[in-house]
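**Student:** Chains as they are written, first to last, in my numbering: chain A, 5 to 172; chain B, 5 to 172.
Since the hints were made in silico from the structure, they are not lab data. Worth double-checking, as some hints may not be accurate.
Stated by the list, open to error - Covered stretches of chain B (chain A as the covering partner; in silico rule of three or more C-beta atoms under 8 Å from a C-beta of chain A):
1) 10-20
2) 23-29
3) 47-61
4) 104-113
5) 142-148
Glycine residues also receive a C-beta, built at the ideal position from the N, C-alpha and C atoms.
Number of protein chains: 2
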Amino acid sequence: MNERRTIDLGPLPELIGYVLRRAQLAVFQDFFAAFAPFDIRPAQFSVLTIIERNPGLTQTQVAEALGIKRTNFVGMLDELEKRSLAERRQARDKRSYALYLTADGAALMRRLKPVIKAHESRMIACVGEDGRDRLVALLTGIVDGKPRRATLKNGKAPRALRPGSAET
Amino acid sequence: MNERRTIDLGPLPELIGYVLRRAQLAVFQDFFAAFAPFDIRPAQFSVLTIIERNPGLTQTQVAEALGIKRTNFVGMLDELEKRSLAERRQARDKRSYALYLTADGAALMRRLKPVIKAHESRMIACVGEDGRDRLVALLTGIVDGKPRRATLKNGKAPRALRPGSAET
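Use the sequences and the hints to build the structure in full.
**Tutor:** This is the structure we're talking about:
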């Protein structure tokens, strides 16, 4: 017999970390489904986006900008390189590699533009445009880890997500 | 030479999924540090909370309540049982197990109360009390994955969720 029972979640539904995690999983689930035909995961999309917009950055710069651990980043880049989406070239200082999209990588990113747009529209449909702005501002406040007055001033805080700010 | 360069993050800082993930990692980082002395991860804390408040639930009920895949849940529970924090007892229908905290598990949960409270206070300090209420309501809207009007009905933060407020 399948017993129907109301489950007491206690304090969980009001704990920021719990709700954040549930929401992040829900959003990623939609992302996975949308990007599965391209075999692209969220972190890969972020890396490709940074390389696309900033050709020639070093591995360390990209990893830091995204808050990805260097060891994990090397593995991610190996995979992108193996799939001919990104490539490492010797940097000027000879001690590091500069990152670039390949032609395939650039073509893929063009194909992904409408996919990410549609995904984001589905997410915005859950909270509304205003809700999205407020949500991003609140989340940015958490990423920055600063008292709220610093984050809530203009209601929007994309600038607060400066590279490296979450690293400290 | 360490080249200082402003990195263009493109659309990432305004994508709900990207900011959610960064925020979730920031919150979990604080959680990990706070709970390290007890060797408790966020998902374990959630499971122990549900079992504490709902003794006798089946594995399936707890896993579903938390959105954890059954296979992953079995491994988690094995570990909690091995550490004598939770235990499985044969359920009435003999086909499943009912879950309970052990005395050690109950004692641990009492010790964790101030730890989770302090962690949550640090998170709230980033967004303020009102910000927390709004954040939880917005995130819940995403978890529920319903158009916003439908989600607002059962929201937790009445002030932020008034019909006719900035939400609509």
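**Student:** Find the hints from earlier in the document that the structure breaks and name them by number, from lowest to highest.
**Tutor:** The structure breaks only hint 4.
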